[in-house]
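Numbering that gives the first Met the number 0 applies: residue 0 is where the sequence shown begins, and numbers increase by one.
Calculated directly from the structure, the hints in this document are not laboratory data.
Quick caveat: nothing in here was measured; it's all calculated off a predicted structure.
Be aware that a few hints might be false.
Stated by the list, open to error - When the alpha-carbon atoms are kept at most 27 angstroms apart in a straight line, the in silico DSSO-like pairs for lysine-lysine are as follows:
#, residue 1, residue 2
1, Lys64, Lys105
2, Lys76, Lys105
3, Lys105, Lys88
4, Lys88, Lys76
5, Lys64, Lys76
6, Lys43, Lys151
Stated by the list, open to error - Here are the computed distance ranges between Cβ atoms for each label pair:
#, residue 1, residue 2, range
7, Gln121, Asn54, 13 to 21 angstroms
8, Ser37, Ile185, 51 to 59 angstroms
9, Pro180, Tyr14, 45 to 53 angstroms
10, Gln8, Thr32, 44 to 52 angstroms
The C-beta atom is built at its ideal place from N, Cα and C for all residues, glycine as well.
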Amino acid sequence: MDRSKASLQASANGYYDHITTAVLPTLAELINTLTGYSHVQECKNRVLQKDADLNAARERSDASKRLYEQTIEERRKCQRELNSLLQRKDSWLDSDITRFTELYRKDLNLEQSENQARNEHQAATEAFDRCHREYLNEIRERYIEEQLYSDKIRRASTWWTWGLISLHFALFVVIQLFVEPRKRRILKEELSALITNTSATDVRDVEGAIGAQLAPITQRLAAIESAVAKPTSSHFSTPLLPYAEPEPQTVGTSSKVESASTIHRKDMLFVKGFLMGTAVGIGSMVLYLYSG
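Can you make the complete structure from the sequences, with help from the hints?
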């Protein structure tokens with residue numbers, strides 16, 4: 000477990016090092032080349048180099064100035080001592096003559112050193128001024144290049160923004176003209192099919208429920224019709240018998256037949272009215288479901 004974890008960590012570290020040392024610098028260089036920032040980076044590097052050269056030239060100029068001032072000071076001391084010897088020339092001793100000779104030789108050497116130091120200081124000062132001018136020119140060029148790069152990026156950003164706005168507008172138009180109508184049509188078809196299926200199922204369920212409720216009424220109606228038909232048939236078959244019914248019985252029988260026929264007509268009217276009401280209710284329900 001520890002070995003696998005260590006190997007996994009080592010591979011992850013190697014992958015991370017490869018990305019940070021090889022992939023990212025290459026990618027950054029490619030992006031700078033495509034955007035034109037590489038030229039700005041070159042100007043920046045030249046400015047840094049000129050800054051280093053300017054600092055070195057300043058140090059050389061300061062060193063040559065110190066050397067020149069030191070040489071001048073030594074020659075001034077030598078000339079001061081020579082002047083003091085010349086002022087007491089009449090009282091010179093052998094040591095004073097030897098000292099004068101040494102000082103005179105030293106003064107000549109110091110004069111040469113002073114001239115050389117002055118020339119070096121002038122050269123160092125001119126080199127410093129030249130480096131300073133070059134440094135300023137590089138800074139100016141870098142500023143110009145950065146301004147051009149900023150303008151380029153600003154123009155690219157403006158075109159990119161307008162491109163995104165145009166893309167969003169085109170997508171909005173396409174969605175509103177093509178996608179949304181198609182979605183609404185598909186949704187309408189699906190809802191219509193669902194409503195149709197649901198309505199058919201509901202109609203079948205309602206018809207089944209109504210049929211189940213009407214079954215007892217239909218059986219009752221059939222029983223009533225059979226009950227009415229039996230007395231009627233027995234009444235109309237009595238004249239065929241060999242004896243005649245008495246008058247009061249005939250009147251009673253006819254009244255029974257009339258009352259039975261009256262009950263039959265009332266039941267038929269009730270059944271017809273019930274059926275018509277049921278049909279109207281079913282039709283209204285179906286129309287409501289279709290319109291919804």
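A quick look at each hint next to the structure:
{"no.": "1", "hint": "Lys64 <-> Lys105", "result": "holds (21 angstroms)"}
{"no.": "2", "hint": "Lys76 <-> Lys105", "result": "holds (11 angstroms)"}
{"no.": "3", "hint": "Lys105 <-> Lys88", "result": "holds (19 angstroms)"}
{"no.": "4", "hint": "Lys88 <-> Lys76", "result": "holds (18 angstroms)"}
{"no.": "5", "hint": "Lys64 <-> Lys76", "result": "holds (18 angstroms)"}
{"no.": "6", "hint": "Lys43 <-> Lys151", "result": "holds (18 angstroms)"}
{"no.": "7", "hint": "Gln121 <-> Asn54: 13 to 21 angstroms", "result": "holds (20 angstroms)"}
{"no.": "8", "hint": "Ser37 <-> Ile185: 51 to 59 angstroms", "result": "holds (53 angstroms)"}
{"no.": "9", "hint": "Pro180 <-> Tyr14: 45 to 53 angstroms", "result": "holds (51 angstroms)"}
{"no.": "10", "hint": "Gln8 <-> Thr32: 44 to 52 angstroms", "result": "violated (35 angstroms)"}
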